[in-house]
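Peer 1: For the sequence shown, the positions run 1 to 569 when the numbering used here is used.
Since the hints were derived computationally from the structure, they do not count as laboratory data. Remember, it's a predicted structure, so these values are computed and weren't measured experimentally. Hints are not guaranteed to be accurate.
Unchecked claim - Between beta-carbon pairs, the in silico distance windows are:
hint	residue 1	residue 2	range
1	L312	R423	49 to 59 angstroms
2	G26	N157	16 to 26 angstroms
3	S225	F387	43 to 53 angstroms
4	S385	N212	14 to 24 angstroms
5	R423	G519	23 to 33 angstroms
6	S63	N157	52 to 62 angstroms
7	S496	K333	17 to 27 angstroms
8	T128	N34	57 to 67 angstroms
9	S496	R423	27 to 37 angstroms
10	N484	S509	49 to 59 angstroms
11	Y405	N212	27 to 37 angstroms
Backbone N, C-alpha and C fix where the C-beta goes; we use that ideal spot for every residue, glycine too.
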Amino acid sequence: MTARAGVYDDVINTGDGNDRVTTGRGRDVANGGNGTDTLVMDWSGMVPSAPGANDIVFSNQGSNWNRFATLDGDQLDFYGFERFNLTGAGGNDNLQGGNDFDTLIGNGGNDTLHSGMGGGVADGGSGTDLWQANLSNRGARLFFNAAESQSTSQLTNVGLDVRNIEQVNLTTAWGADRIDMSGYALNDTIYTNDGDDWIASGLGFDNVNGGNGTDLLYLDYSGLSSAITTVYAGYSWNRYGDLDGTSSVDYYSIERFSIRGGSADDYLEGGALSDTLIGNDGDDVLDGGAGNDRIFGNAGNDTFIANYASELGNLTITTNAWGSGSVTGVGTKFYGIENIMVTTGSGADTINLSARTGDDTVSSGSGDDYVAMGTGLFESADGGSGFDTLQASAALAQGGVQMSYAGYSWYVLSDNSNSYELRYTGFERFDLTGSAYNDRLTGTNNDDTLSGGAGIDILEGGVGDDLLTGGADMDMFLFSTPGNSGEDTITDFGTSDFLRISGETLDSSITVGGGAALGEGEIQIWNTGGNTRVFIGTDSTAGYDLSIWLEGTYGTSDFNVVGSDIFFV
Numbered sequence: 001m002t003a004r005a006g007v008y009d010d011v012i013n014t015g016d017g018n019d020r021v022t023t024g025r026g027r028d029v030a031n032g033g034n035g036t037d038t039l040v041m042d043w044s045g046m047v048p049s050a051p052g053a054n055d056i057v058f059s060n061q062g063s064n065w066n067r068f069a070t071l072d073g074d075q076l077d078f079y080g081f082e083r084f085n086l087t088g089a090g091g092n093d094n095l096q097g098g099n100d101f102d103t104l105i106g107n108g109g110n111d112t113l114h115s116g117m118g119g120g121v122a123d124g125g126s127g128t129d130l131w132q133a134n135l136s137n138r139g140a141r142l143f144f145n146a147a148e149s150q151s152t153s154q155l156t157n158v159g160l161d162v163r164n165i166e167q168v169n170l171t172t173a174w175g176a177d178r179i180d181m182s183g184y185a186l187n188d189t190i191y192t193n194d195g196d197d198w199i200a201s202g203l204g205f206d207n208v209n210g211g212n213g214t215d216l217l218y219l220d221y222s223g224l225s226s227a228i229t230t231v232y233a234g235y236s237w238n239r240y241g242d243l244d245g246t247s248s249v250d251y252y253s254i255e256r257f258s259i260r261g262g263s264a265d266d267y268l269e270g271g272a273l274s275d276t277l278i279g280n281d282g283d284d285v286l287d288g289g290a291g292n293d294r295i296f297g298n299a300g301n302d303t304f305i306a307n308y309a310s311e312l313g314n315l316t317i318t319t320n321a322w323g324s325g326s327v328t329g330v331g332t333k334f335y336g337i338e339n340i341m342v343t344t345g346s347g348a349d350t351i352n353l354s355a356r357t358g359d360d361t362v363s364s365g366s367g368d369d370y371v372a373m374g375t376g377l378f379e380s381a382d383g384g385s386g387f388d389t390l391q392a393s394a395a396l397a398q399g400g401v402q403m404s405y406a407g408y409s410w411y412v413l414s415d416n417s418n419s420y421e422l423r424y425t426g427f428e429r430f431d432l433t434g435s436a437y438n439d440r441l442t443g444t445n446n447d448d449t450l451s452g453g454a455g456i457d458i459l460e461g462g463v464g465d466d467l468l469t470g471g472a473d474m475d476m477f478l479f480s481t482p483g484n485s486g487e488d489t490i491t492d493f494g495t496s497d498f499l500r501i502s503g504e505t506l507d508s509s510i511t512v513g514g515g516a517a518l519g520e521g522e523i524q525i526w527n528t529g530g531n532t533r534v535f536i537g538t539d540s541t542a543g544y545d546l547s548i549w550l551e552g553t554y555g556t557s558d559f560n561v562v563g564s565d566i567f568f569v
């Protein structure tokens, strides 16, 4: 049965059957009765008496009756309808469908279209239109793109025809959905339920719940000039947004992130899986978390936070002079990074930042690690447990550097002009290079490599078989525990350099021999394989107590002994 009403106050009761009722203008009442009934309402020709007078408002009247009404007096009370074909009046309309097959056409104005759980057509028309739908009963993958909906129907694979939508309040099902609101700065609510979903919420003030599965949240703040950051929003929700409060998204149950920052100093944080973080302009901090990430600092002085504390395998981190590098073992790659803050786990890790000039912070966890710091001016390194090697260079320091205790098992290599500082702890072996000034470098109880560079330097290898290079200018090679100093090798012993044997008064004469019968203060040299071995006795027991290798061949006339010092002349 079809009943067609005119422009008067009509009352229509269709009883049983699958009826189609088309109402007109006026104050109408329609009761679909039993069956699957369709209500057709077309108020597109309405001319408002004043701005907003043709806005269609939906309300619930109780006892399962509902109402569409405008300020100009048009009103439709209805009951017992399962399907709707509704056309708006050109104002800001609220069109409420059901859970069956509906057609909702907003026309002009900023409309709200409620599709419920049904299929059919949702066409916002012109204006800024909100589409609300619960598609949790649709198992297929859902693909919705707000920008593309302006010219191409969306979701046709699940029986929908969605067009001209700029804002959504959307619930999806268990497919691997792709919901893209990019290009709009409105307030969206998106819940993707199960499946591995991809969600771009756009700008505005949004709410995103990824549900189950491995879900990715895409955020593009490249058009914003206020700093972007993330904070905890409570009840297991987190929030991304700008500090000026112009845009934010509250999110929950998101496992992956793809985030593009703006032009300010942003803080971007990923999750435990594979993320993409792009800093854009500004001095950004990019925290990829665990996982196989792609990190792009772009312009500005950017810092990459790499936390791999849970990794059990051996990691290798390398970087070049342009701030690009990789993390072998997890697959992360980074580009345009000036500063690195890295934490590794229990593997035997190799962290090589030596090509860089940024200020880096390294914590290498347990395992026998090799840490090569860059030439930054303010750096920190914690070797953790295990047998760890620290390589560092103070080449950019503006004054001579020396080591000192900083407290709580930390030490510092710094200069007297406060231009350079390396704080370190937990290292068992050093490979250190000084500045162009007068440095003092001291090794560990193991086999170290010390290089003074230019300047009048003091190098003390300590216990262990150390490799010492004085560099340009006069340098002192200090042996403060001559009976327990290992066998050090000096690579460039030259004019004005000297060996100081602390606490010893040495004989002024040097003889040739292997040191087997040396007494206290006596010195012998022996040439072998193009090198010279210096033997020194430091106690009354016959035989040498200290052996020093000099690269190159020297004779007794090349040395001058004064007190505790052996000079090269």
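Peer 1: For every hint, state whether the structure bears it out.
Peer 2: Structure-based check of all given hints:
no. : hint                             : result
1   : L312 to R423: 49 to 59 angstroms : violated, 27 angstroms
2   : G26 to N157: 16 to 26 angstroms  : violated, 40 angstroms
3   : S225 to F387: 43 to 53 angstroms : holds, 49 angstroms
4   : S385 to N212: 14 to 24 angstroms : violated, 39 angstroms
5   : R423 to G519: 23 to 33 angstroms : violated, 45 angstroms
6   : S63 to N157: 52 to 62 angstroms  : violated, 38 angstroms
7   : S496 to K333: 17 to 27 angstroms : violated, 49 angstroms
8   : T128 to N34: 57 to 67 angstroms  : violated, 39 angstroms
9   : S496 to R423: 27 to 37 angstroms : holds, 33 angstroms
10  : N484 to S509: 49 to 59 angstroms : violated, 26 angstroms
11  : Y405 to N212: 27 to 37 angstroms : violated, 53 angstroms
Hints 1, 2, 4, 5, 6, 7, 8, 10 and 11 from the list above are not met by this structure, while the remaining hints are.
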